[in-house]
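Which chain is which? The protein sequence lines are A and D, in order. All letters in the first sequence, in the order written, are residues 23 to 229 by our numbering. All letters in the second sequence, in the order written, are residues 23 to 229 by our numbering.
It cannot be assumed that every hint is accurate.
To be verified - Here are the computed lysine-lysine pairs in the DSS-like style, where the Cα-Cα straight-line distance is at most 30 Å:
#: 1; chain 1: A; residue 1: Lys189; chain 2: D; residue 2: Lys66
#: 2; chain 1: A; residue 1: Lys156; chain 2: D; residue 2: Lys220
#: 3; chain 1: D; residue 1: Lys218; chain 2: A; residue 2: Lys218
#: 4; chain 1: A; residue 1: Lys190; chain 2: D; residue 2: Lys143
#: 5; chain 1: D; residue 1: Lys156; chain 2: D; residue 2: Lys189
#: 6; chain 1: D; residue 1: Lys220; chain 2: D; residue 2: Lys84
#: 7; chain 1: D; residue 1: Lys189; chain 2: A; residue 2: Lys143
#: 8; chain 1: D; residue 1: Lys151; chain 2: D; residue 2: Lys84
#: 9; chain 1: A; residue 1: Lys156; chain 2: D; residue 2: Lys189
#: 10; chain 1: A; residue 1: Lys151; chain 2: D; residue 2: Lys189
#: 11; chain 1: D; residue 1: Lys156; chain 2: D; residue 2: Lys190
#: 12; chain 1: D; residue 1: Lys156; chain 2: A; residue 2: Lys156
#: 13; chain 1: A; residue 1: Lys156; chain 2: D; residue 2: Lys190
#: 14; chain 1: A; residue 1: Lys220; chain 2: D; residue 2: Lys56
#: 15; chain 1: A; residue 1: Lys220; chain 2: D; residue 2: Lys156
#: 16; chain 1: A; residue 1: Lys151; chain 2: A; residue 2: Lys220
#: 17; chain 1: D; residue 1: Lys66; chain 2: D; residue 2: Lys56
#: 18; chain 1: A; residue 1: Lys56; chain 2: A; residue 2: Lys143
#: 19; chain 1: D; residue 1: Lys218; chain 2: D; residue 2: Lys151
#: 20; chain 1: A; residue 1: Lys190; chain 2: D; residue 2: Lys220
#: 21; chain 1: D; residue 1: Lys151; chain 2: A; residue 2: Lys189
#: 22; chain 1: A; residue 1: Lys151; chain 2: D; residue 2: Lys190
The hints are simulated quantities; they were obtained by calculation from the structure and are not laboratory data.
Number of protein chains: 2
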Amino acid sequence: MRETIVEVAQRLIMQQGVRATTMDQIAEYLGISKKTLYEYFPSKDALIEASADFFLNHLEQKLNEIRQTHSENALLPMIATANYVYSLLTSLNPVLYTELRRVIPHARARILPRIQAIVQKQLSLSVEKAVQEKLFRSDLPMDILPSWMSFVIVQVVLNPALAQEVKKSVAEIYAETILLLLYSFTTEEGRALLEKYKSQIRQAYVR
Amino acid sequence: MRETIVEVAQRLIMQQGVRATTMDQIAEYLGISKKTLYEYFPSKDALIEASADFFLNHLEQKLNEIRQTHSENALLPMIATANYVYSLLTSLNPVLYTELRRVIPHARARILPRIQAIVQKQLSLSVEKAVQEKLFRSDLPMDILPSWMSFVIVQVVLNPALAQEVKKSVAEIYAETILLLLYSFTTEEGRALLEKYKSQIRQAYVR
């Protein structure tokens, strides 16, 4: 039951945002009493935290799967990851990006660092292989790059102020950011492969 | 007199940070009474704002000069700008990056947007020329790039949390960021020129 509650809460939050999702609504959706719901989660905050953990665990698992599935070369799993994250970001209610910074400050202190950790780990795992395959430059500043990129994702891409300023969705900014960085990381050989994949990937990536 | 006060205040703030710089010290430095100082600036906050404006006006003027001086090709003024800003960042007391976000919130609301505006303007002015000269890719996402880059500078490069995490100076992170982005923007031809300039520029840029 606990897991079902978290799954439903997570889906409602993704669709509506945190503020619009109420404990009443979650109980009604599950056909349980509010009393039962509160037996599992003593507060809405506790349920939000559990939902965020659920979401991020699932994301991390997915990214690991993607990395292991696409093993032909080191660039392909990055393209596949970008596609997956792009579609995920598209499915989120945009109000969440604002809520992540404002409405739920203590959740923010858990969620943003967790996202940063995921970005760093995924990048560290894939860059080395891409350098070995000569698809990425060997002179990349690896001492700062994983942290740097995690800051770019959290402070720039997921920043609703930028999306508002350029009148684009967070998903579009994400896609453009990944492309900009892949163009930076790749060698001449890597760029040729990138150009090839670009035509296979979703419209948003193709300029 | 007003300008001399601002100049001295700006220099002391750059060396010591905002908090460590007192009105007493500024008055003493100028050999004037505190009463006289307060006739020009009713509060330390007012003097800080004037100093920030002075600093940013000077910076903007310098960047315009640099862009006009180096006209051989479109990449050179960017390298020269990066060198200038790098040396400027090196000369600042690192406490300022933290103070910019915490100690002086109302100054922050003026200074950070102003820095963003300067980055955006400089980038817009130089990228078009670089694209014409085929040194930059013609498929750069110009609808988001100037804003995107201004967010990267303010939210990532000038973010003391990143500098702390990677144990590097803000100036070093700036230099690496500019290099990463120039590698992304350049065409094959532009990259060849970039590699050539890299060896001429300061140690921090050379890996």
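Evaluation of the provided hints:
For the hint linking lysine 189 of chain A to lysine 66 of chain D, the alpha-carbon distance of about 38 Å lies beyond 30 Å, and the restraint is violated. Distance check on the hinted pair: lysine 156 of chain A and lysine 220 of chain D sit about 21 Å apart at the alpha-carbon level, within 30 Å; holds. For the hint linking lysine 218 of chain D to lysine 218 of chain A, the alpha-carbon distance of about 28 Å falls within 30 Å, and the restraint holds. Taking the CA atoms of lysine 190 of chain A and lysine 143 of chain D, the gap is about 20 Å. The hint holds against a cut of 30 Å.
Under the criterion of a C-alpha separation no larger than 30 Å, the hint pairing lysine 156 of chain D with lysine 189 of chain D is inconsistent with the structure, at around 37 Å. Restraint check for lysine 220 of chain D and lysine 84 of chain D: satisfied, since their Cα atoms lie roughly 22 Å apart, inside the 30 Å limit. Pair hint lysine 189 of chain D plus lysine 143 of chain A holds up; C-alpha atoms about 18 Å apart against a cutoff of 30 Å. With a C-alpha separation of about 19 Å, the suggested pairing of lysine 151 of chain D with lysine 84 of chain D holds against the 30 Å cut-off.
The straight-line distance between the Cα atoms of lysine 156 of chain A and lysine 189 of chain D is roughly 28 Å, inside the 30 Å bound, and the hint therefore holds. With a CA separation close to 25 Å, the supplied pair lysine 151 of chain A and lysine 189 of chain D stays within the 30 Å bound. A distance of roughly 34 Å separates the Cα atoms of lysine 156 of chain D and lysine 190 of chain D; the hinted pair therefore is violated under the 30 Å criterion. A threshold of 30 Å between alpha carbons decides the hint, and for lysine 156 of chain D with lysine 156 of chain A the separation of about 25 Å falls inside it, so the pair holds.
Only pairs whose Cα atoms come within 30 Å are accepted, and lysine 156 of chain A paired with lysine 190 of chain D is accepted, the gap being roughly 27 Å. Distance restraint check for lysine 220 of chain A and lysine 56 of chain D: the Cα-Cα separation of roughly 65 Å exceeds the 30 Å cut-off, and the hinted pair is therefore not satisfied. Pair hint lysine 220 of chain A plus lysine 156 of chain D holds up; C-alpha atoms about 21 Å apart against a cutoff of 30 Å. Pair hint lysine 151 of chain A plus lysine 220 of chain A holds up; C-alpha atoms about 20 Å apart against a cutoff of 30 Å.
Restraint check: the Cα-Cα separation between lysine 66 of chain D and lysine 56 of chain D comes to about 11 Å, which is no more than 30 Å; the hinted pair holds. Our distance criterion of 30 Å between C-alpha atoms is broken by lysine 56 of chain A and lysine 143 of chain A, whose separation comes to about 39 Å. Distance check on the hinted pair: lysine 218 of chain D and lysine 151 of chain D sit about 19 Å apart at the alpha-carbon level, within 30 Å; holds. Restraint check for lysine 190 of chain A and lysine 220 of chain D: the C-alpha separation of about 34 Å exceeds 30 Å, so the hint is violated.
Between the alpha carbons of lysine 151 of chain D and lysine 189 of chain A the distance comes to roughly 25 Å, so the proposed pair stays at or under 30 Å and holds. For the suggested pair lysine 151 of chain A and lysine 190 of chain D, the alpha carbons sit about 25 Å apart, so the restraint of at most 30 Å is met.
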